[in-house]
Structure formats: structure tokens, C-alpha cells
Amino acid sequence: MSRSTHLIVGLFGSFAVSCFALVLAPQAQLGALQPRFTEEDGKISDVYPIDQSGIALQGRRIYAREGCVYCHTQQVRDTQIGLDVARGWGARRTVARDYLFDTPPFLGSTRLGPDLSNVGATTWRNETVGGTAPVKRDARWHLLHLYDPTALVGETNHPPYRYLFSERKISGQRSVDALNLAGKSAPAAGYEVVPTPEAVALVGYLLSLDRNADLPEAKSLPAAGVSAAQPAPAAQPAAPQ
Amino acid sequence: MDPRHSHGPDRVDYRESSQDITEVHAAIQREHRDPSADVTPIPLWLAAICGGALVWGAAYLGVFHGGFSGNVFNERLSNPDLLFPQRVLASEGGATPGETPAATGPEALLADGKKQYAAICAACHQPSGAGVPGAFPPLIGTEYVTGDPKRLIAIILKGVVGEITVDGKVYNNAMPGQGTVLNDKKVAAISTYIRHEFGQGASPVTPELSAETRKAFASRNEQWTEAELKAFSSGDVTAAAPAPAQ
Amino acid sequence: MTAVAQETSPTTVPPIATSTATSDGPNRENEAIERALIDGSTRGPVLTFFATALLWLLLSSLLGLIASIKLHSPGFLSDFAWLTYGRVYPAYITAFTYGWCSLVGMGVAVWLMARLCRVSVRIPSLYIVGAALWNIGLLLGVVSILAGQGRPVEGMELTSESTWMMFAGFVLIGLGGVVLYRFRRQTVAYVSVWYLLGAFFWFPWVFATANVLISVSELRGVMQSVVGAWYVQSLNLWWFTSLGLAAAYFFIPKVIRRPVYSYNLASIGFWSFAFLSGLTGMVRLSGGPLPAWLVTLSISASIMMLVPIACVTANLIITMKGQYNMVYHSPTIRFVFFGAIAFSIESVLAVFSSLRSFDRIVHFTQFTSAQEQTLLYAFFTMVMFGGMYYITPRLVGCEWLSSSMISVHFWGSAYGSIFLISLMMFAGLAQGLSFIDPEANFSQILQVGQLYFPGRTLALLLISGAHVVFALHFLLMLLRIGQPGGEPTLFAPLGSEKH
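If you read the protein sequences in the order shown, they are chains H, U and S. Just so we're aligned: 202 in our numbering is position 124 of the first sequence, and the numbers increase by one with no gaps anywhere. Just so we're aligned: 452 in our numbering is position 112 of the second sequence, and the numbers increase by one with no gaps anywhere. Just so we're aligned: 394 in our numbering is position 395 of the third sequence, and the numbers increase by one with no gaps anywhere.
Since the hints were made in silico from the structure, they are not lab data. As the structure is a computational prediction, the values presented were derived from the model and not from experiment. Be careful, since some hints might not be right.
To be verified - The calculated BS3-like cross-link candidates involving lysine-lysine, where the alpha carbons are at most 30 Å apart (straight line), are: (1) 509/U <-> 455/U; (2) 455/U <-> 525/U; (3) 509/U <-> 454/U; (4) 454/U <-> 121/H; (5) 262/H <-> 214/H; (6) 555/U <-> 454/U; (7) 525/U <-> 454/U; (8) 570/U <-> 121/H; (9) 121/H <-> 455/U; (10) 121/H <-> 525/U; (11) 555/U <-> 455/U; (12) 570/U <-> 454/U.
As the list claims (entries may be wrong) - Partial list, derived from the structure: chain S residues whose beta carbon lies under 10 Å from chain U: (13) 115; (14) 183; (15) 185; (16) 187; (17) 190; (18) 262; (19) 266; (20) 275; (21) 289; (22) 306; (23) 355.
Here a beta-carbon is modelled for each residue, glycine too, at the ideal position from N, C-alpha and C.
Based on the sequences and whatever the hints tell you, model everything.
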């Protein structure tokens, strides 16, 4: 072989090794993943994760379109390497199976805001800060936060997404969907601010995010009652001593 | 080499423009030969750095490879006993490579038992375990639930018939045995759930224990009576097994 | 740009084969004519690459500034959906990497390839059509991102249509590059040629594989993120770093008139770089929902990357030894040497920050984006600036107009990038440390970042100013407004110490 042939074969070899190790091999493992489910007498129940549909799917597109992923991650890290669980971002670390139906998953690489893996769960960031009770983050809260973040969380660099809302003249009765705005961001008298379908879909998507379900490869901390009861010796979990 | 053979519409003909020949040649004339590379052996210190890096990298892979399993997400589970015995908590275990998910642990049994109880037992004994006065006995706090787990398993497998006194009240009804419907794991799950939920946190029951009990009474077809249950002791079970925890 | 320059004058044809400090041999005149012919053939393509790349550089500087301002003043331009942070930021990164970095890299690569293989470009229009396709595809892609139609995979935001257009453009350019190699008249391929050839092969393979996997095949779940991370890392190393090292391996020995210290070192460096860098991709997803072995493999490869880093650094530094004074004279050497140092710093940093114990602190913070800046700006872009300062006079036939403009450009870029990078690294560390501090609540952590973002905007302003100066200077060169040929435009007169 000539020097050139060596060079080109070497180049191709390096590409093949890389492609095999970082693309094909993981695909062979992760491509075979199936949702977790329980099968009883031929009936399948308790499936996790499930594919998104309806408003959550539409909202997912808005989430992608507005580039939320550039500031918000959707991955909870192991308790050994971070405080993600302690900060209330999830009950357990996330694993590959949690993202089975996310195409693509919004894992994110920068945290300029909190992690949103489980933002739809009632337990999300339910910490008491400075003696105030945990905030209940329902659809109204999220809509208001999208329109005027400073009204809810004080000083923040979360951008206001006013273009996902429309301001209109109140005709007859005030719409039930209209935001309850006060102060600077309140519309002029006789006007109201209502979310567009896009904003509603986005919030629908956010509220659908909950990856706390147990998976065998990543368990949340067991309930106190169970760990208190002494397990029978033969029933030890597979974890090493 | 004839410059007029150069290609492209915007070529510069160096013979025609005296301006260009000066300028281009001036910039290029002062250039030196294109660089080459000497053949020099690698300095020892550099070889040492390279060798060190290779050993370090290989050792890192050897230590934290996670068994090359798709189910191990925590790199410390690669060789935990050897390296970080104190750091690996059982609760953060995750499945070990090549093993089916740990579905027989107490947590899994408990979750499964809850479902089985709701499907099979709750119709009579009620979701709360309180039973129906006069018809079905309660499970809460009775000795049948908190006591010998084998007796509990035996009841679930074979059922009960006739008068029975539970919590000071007399019931007379028939409970069908579930031994043909439930496998050992499900029996263990139900027992674990009942004992945890209604038996003040009595110890969990393993599928092994229920298999053992089923074997011991394999030839029995009829339901238990109160007298038999009262007399139930480990002595009755021929192949006595080591008691569960405690 | 060497000491020989004193012997030439703008008005006279230089003497033929006079004995100079080095023994250039009797065929020096022939070599010079050959080079002039090659330069004449690459003029159209290379200037096209340079000019469009500079337009992208200016556009990306603007987008970067907007994105940066939004981080500390979220109300800024917030009513324009097209300019929301989540769209401007990927548009900025895309314009910078595919517009500026790739185009200028291809320009320098084509010139180097032609020079090092000693062949003229046969069909310059091939490259120009390729560059046009690339530019149009990219423009469509960036507009799509701003319109919210980008592909939602980080690092692969360009839409399928624009990637195929750009790929078609690259095939023309890459084919041209490979044809140059095939018909080379220089039998022994120099180190730079290895890297160039590597870049010309790796880029289309990686680009096509990743885009096909993402847009055509049905990869599920995290595999899409895996492919995205593999793609971005491969591009950073196999494409940008390869092109940058090819240029550094050429310009440093060329300008200081010395052979590269060791062929053996260069060879070990190249092959270890080729095989290891393709395995490092998953450090980008360290701590994420991936099987442990995948990330461990990449970290292990990252550690072994110390081998190519040590070899390349030692080779370039030992080659420079005793000639550091050239940094004061030659703009090319100053930019390229700055870039080479940045390469070594960033690579060593990448090794240590890939370790889990360090990564757990700085992952998800500005630290990672500072590293990206070091690689793509402080290393790659600075080397390319150096290359442009060397190549452009040979293509347009006059020298750069003003050494003070070059100086302003250098100090703006150098100070700006050093300021930017160190600021972001501090911000990243501060934020990372408070992330793992159980006492700090989350809104306090976000405030930590707020302290640094205005400084970041300042640094970007400084850098953008330098880019405007450079773009103007380049425009003047295109219009042939410059010093008459002969004397290179240097920072300080050369060779005074030699008299």
C-alpha cells in the first residue's frame, strides 16, 4: 500500500471506530428499550412512559420553537453528583427510558433556569423559601409567569413572552381566561390579556412533564414504611452490599 | 512552466502586466521554501507523559465501565465492593448487569400486593381491611395477619370455612382458596401488603416462603377450619423452613 | 514576511537566486513562479470564501451581542418573536460555526492544499459554486432558526433542506480538495496535508451520517441527543481543530523559516488525534441519562487526548524556540501563535473538565460555553486571522494598508476573548459551586450569573469592534487599497537586530 492509501484507510478507520463506539453500540442497547409495564393475565397496565398527544404534543412544538432548551435542561442528575433531587427537581435521577417517546429529548446543556424534567408534578420544587409556603404552580401560574415573570418571581432574566398573548378590548363580560394582571404590566382599562392557543398548549406541555414514576434501573427513594420494615433475608434487592 | 496555461477566467497573466509581476513576485519571492519536518526521535519526557496518559485513560475505563450494560447509569456500580464500598447506597443501586429487574424486593412486592389486594381481596375484606361486620372478618391487627406468615399464606392458598372468631366477633362464611389463581410471587405480594398495611408493619413475606408453604400443603384440597388454624404451628409443617427475619 | 524581505524592493524584480541566509538553491525563481501561478488560480475561490466568511462573522457578532444583552436585560427586544433568546442564540452559534469558521477554514484549506501539493486549481468556478450553495443553504437555515423552524436538536439546528444544500456545496469543495491531493506534485505529504485531508474526509462523513440519522431514520429518545453530541464534538475536533492545526503547522515553520521539530512527533500526534477525538463526544452528556459506560469511554478517550496535545504543543513550541521575537514583528505569527497557545490551554482544560469530579461542578454552567469559545475563537479564529493576513496580500497583489489597524484588530480580539473567556469561566465556577451548595437556594444561584452577564456583553462589544476594523481592512484590500507590494506590513520593522 502506498502512503496515501495508508492515510485514507487510517482516516476511514478512525471514523468507523468512532461511529461504532458512540453511535452503533449505544443504538444496539438503547434502541431495544421498551416502556415499563405490568402484565397480569394477559392484561397490560401501568405503562410508563407513554407517548405525548393532544395539547401536550402541540405545546412540545412551541417549547422547541421558542428554544426553551437553551436555558432549561430536562435531566435530573444522580444524587451522588448533584443536588438536583434535593432542589425538588425530581424524585430520582432520569435514565434513558424516561425519554423513550421524546423526539428529540430536550436534555439541554445549560442551566440558566431550573430543570423542567418534572415541572408538571405537584412535588416539583415544593420547597419552602424564606418561610413562605410552597407555590402551587398550576396553569394560571405558568401563564402569568410566561407573560410577566417578574410579577411572580421577582428579579429574573426569564424573558417575557408577550407575543404568545393577545390584548383585546373587553366585549361584554371579561373572559374567564384573561390574566389577572396588576401594576406595570396591567392592560389599559377596558382591555384584557388572554393567552393564545399556543401559550395554552405550551403550559399544557409543561404540566404534562412528570418523570417520577419508578423504573427498575432508577428507583426513587423507597417509602419510609418499607425501609423501616426489616426485609426478609431472601428478598434482598439486587443492589450490592 | 508557461503561465498562459493557468486556468480560470480571472487568472493573472504575469507576462502581460509589468505591475503584477513585480507585486506578486515581490510577495512570493521573499517567501521561503515550504516547511518540512525533521526526523527527530521523541524526547523521553514526552514519551513519559504520553505513556502516563494512556495508562490513566485505560485505568479510568477499567474502573468505571459500568459492566458495559445499558441498565447501569451510575459508574460507581462497576466494581463497587472493591472501590467505594461506603458510597454505594442500596437505595441508589439500580439493577446489576445482566439481571432481571429486582421485582422480588419488598418495595416491588408491596406495590404489586396493593394491586392484587384491590383486585381479589378488597371485595370482601374492603380496601380499608376493616371487613364487613357480620359477614367478612377484618384484617386489621388480627393475630392471623401479624402472626406466623406461613399460616397467613396457608389461608390465602386454601381458604377458610365455618365459624371463626376474629377480634372477638364470630363470623360464619366460606373463603375460597386462591392457590390455583395466584402464583407464589403474588401470594407473597398480598401477604406482604396485608402485613405491612394492616398488620402494623409486620415483616415482609418472600416468594420462597410461599413456595415452601404451597409445597407443604400440596396434597390438601379442602379449606381450613378454625380448629386447624388454632393448632397451626411450625410443627405441623413437615418441611419446616428457617423462619423469616427474626 | 521574513528577513529576506529587505532584499526586495517594490520597484525592481528581485534578484534571481542570490545566496541568502538559507540555501534556497538555484531553482528559487522557478519555485516563485510556480507559487505565483498557484496563487493566481486560487484567487477567485479563496477570496470568495474569505469575503463571505467575514460577512457571516459580522452577522454572528451582531446576533451574539443581542443574545448576550438579553441575558441581563430580558426585556430587550422581547416583543419580537424572531429575536427571542431561544432563537437568537442558536442562530448566533450556527452563523458563527457554519458561516465564519467553516467558510474561512475552507478558504485557508484550499489555498494550503494547492500550495502544499504544488498544483493549480483547475476549475475555480467549482469552488465558487460550492461556496455559493453553502452560503445560500446556510442563509436559509439561519432564517429558519430565527423563524422558529429550526430542528430542535442542540448543535444541529439547521433544517434538513439547508443541510442538504450545504452538503452539496461541500461535496464540490471537498472533491476539489481531494483532486488537488490526487494530482499533487509534491510527493512527500507534509503534516498540514494530513490534517487537511482528514478534515476533508471526516467532515462530510460526520455531517451526512448525523443528519441522515436524525432526519431520516427513526432514532428514539436519548439516541438523538447521543448523535447530536457526537456530531458537535466531531465537528469541533475533526473539522475545526484539524483545519486550525493544519494552518498552525504551516504558518509557524513557514514564517520563521525552520523545519518542524519532529516528523515522528507530528505523526504520533496526528494518528492519536484521529482515533481518540472521535471517541470523546459523550463528555458533553456526562451526568445525563446515558449508560455509564458510554460516558466513561469518552472520558477515558479525553484523558488519552493528552498524547496528541502534548505532541502538537511540544512540536510547535520547540519549532518556535529562539524565534519568539517574531511575535513582535509578524502579524501572522502573532495571531497563529496566540491560537496555538490557546489550543494547548483549551485542550488541557478539556481533559481535566471531562473528569466526573470536575464536570459535576461546571456542567450546565457558563464554563462549558467558555471552553467552546476558547476552541472556536481563541484558537481556531485567531489562527485563521493569521492565515488571512498571510494569504490575502498574495492574492490581491498589495500589502495590508495599515499596521495599526492590524494592531487594533489583534488587541481587540485578544483582550476581548481573554476577558470574555476568563469572565465566563469564573461565572461558571461560581455558579457551579453554588449549584452543589445545599445552603444556596435556586434564585440566589441565578443571581450569581447576573453579576457576570453585563461584562460578557462588554467583551463581545470589544470583539465585535475588532471584527469591524478587520472587515474594513479586508474590504480595502479587495479594492486594492494598500501598501505597494514588496514590503510586508509588519508591526515593527524586522531584522534591526540582525544588522
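Hints, one by one, checked against the model:
| no. | hint | in the structure |
| --- | --- | --- |
| 1 | 509/U <-> 455/U | holds, 28 Å |
| 2 | 455/U <-> 525/U | holds, 13 Å |
| 3 | 509/U <-> 454/U | holds, 26 Å |
| 4 | 454/U <-> 121/H | holds, 17 Å |
| 5 | 262/H <-> 214/H | holds, 23 Å |
| 6 | 555/U <-> 454/U | holds, 25 Å |
| 7 | 525/U <-> 454/U | holds, 13 Å |
| 8 | 570/U <-> 121/H | violated, 39 Å |
| 9 | 121/H <-> 455/U | holds, 13 Å |
| 10 | 121/H <-> 525/U | holds, 17 Å |
| 11 | 555/U <-> 455/U | holds, 25 Å |
| 12 | 570/U <-> 454/U | holds, 27 Å |
| 13 | 115 | holds, 6 Å |
| 14 | 183 | violated, 12 Å |
| 15 | 185 | holds, 8 Å |
| 16 | 187 | holds, 8 Å |
| 17 | 190 | holds, 6 Å |
| 18 | 262 | holds, 4 Å |
| 19 | 266 | holds, 9 Å |
| 20 | 275 | holds, 9 Å |
| 21 | 289 | holds, 7 Å |
| 22 | 306 | holds, 4 Å |
| 23 | 355 | holds, 7 Å |
The earlier numbered hints that this structure contradicts are 8, 14.
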